[in-house]
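*Asks:* Sequence:
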Amino acid sequence: MNDREPSPEKRLLKIIEGQEDKPPIAGPIKEVGNKYFSLGSLKARLSFLKGNFKKGFTRSTGSVFELKTINFVLKICIFLAVVALGISLNMEITDLKNKGLLKRAEFTSANVGEIDAIASLLEPKDYYLDKVGKRDLFSLADEMARKKEAAFKEQAKQDRLSPIQEVTEGFKLVGISWSDKPDAIIEDTRLQKTYFVQRGHMINDVKIQAIFRDKIILRYGTEEIELR
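With the working numbering, you'll find the sequence shown wraps up at 337, consecutive numbering, no jumps.
Hints may be right or wrong, so weigh each one.
[Unchecked claim] Calculated lysine-lysine pairs in the BS3-like style (CA-CA distance at most 30 Å, straight line):
no., residue 1, residue 2
1, Lys256, Lys290
2, Lys324, Lys290
3, Lys316, Lys302
4, Lys290, Lys302
5, Lys316, Lys281
6, Lys281, Lys256
7, Lys302, Lys324
8, Lys257, Lys290
[Unchecked claim] Label pairs and their calculated CB-CB ranges:
no., residue 1, residue 2, range
9, Thr203, Leu183, 38 to 44 Å
10, Arg299, Glu335, 16 to 22 Å
11, Gln301, Glu263, 20 to 26 Å
Derived from the structure by calculation, the hints contain no laboratory data. Owing to the predicted nature of the structure, the values given are computational and were not obtained by experimental measurement. Beta carbons are placed, not taken as given, at the ideal position from N, Cα and C, and that holds for glycine.
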């Protein structure tokens, strides 16, 4: 048997000694726990996290730069689209204006013949200016005044009483007594007199021309009038 190998007795002794020394095993475990929760391990972990944060920030910075580039390109596209839209609208408005002018020119050319025909019927402007210059505005006013006065006189003449109306103005037929020779009663309201008359009688210069059942005829000169 090799001298270096321990004898069975020594092995048994080591086993016994090892069982007695088991409680101190917690020491290495404690050391391992302290290893993970020590100040140095915390510093290492913070350093690791800091490095990862820097890497992530670098990546995110690249993404932000890409977003800024995309936004810039989009702004340029929108600006170009607005400019193109403005140019298109300007061209449309110009086209519409040109069409309107063209239609107006067509309308003018279509009606120029009618305008010439109407103008040919009119006298030169000097003719009308001469007429206006020769007319006296004051004479026009006098003429209107004369016409108004003549109309007033005509109306007054119509409203004026005739001679027979003037002399019989106050006469009033009171009644008629009908017979072979009918009688009539006439009252003069102006003189407050009552007359009993028959056909042919006179009241001043007024003659009883005829007597009917419902009226009498009076005559003055060549005029006649009825009383009812």
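*Asks:* Which earlier hints turn out false for this structure, listed by number in ascending order?
*Replies:* Failing hints, ascending: 1, 6, 8, 9, 11.
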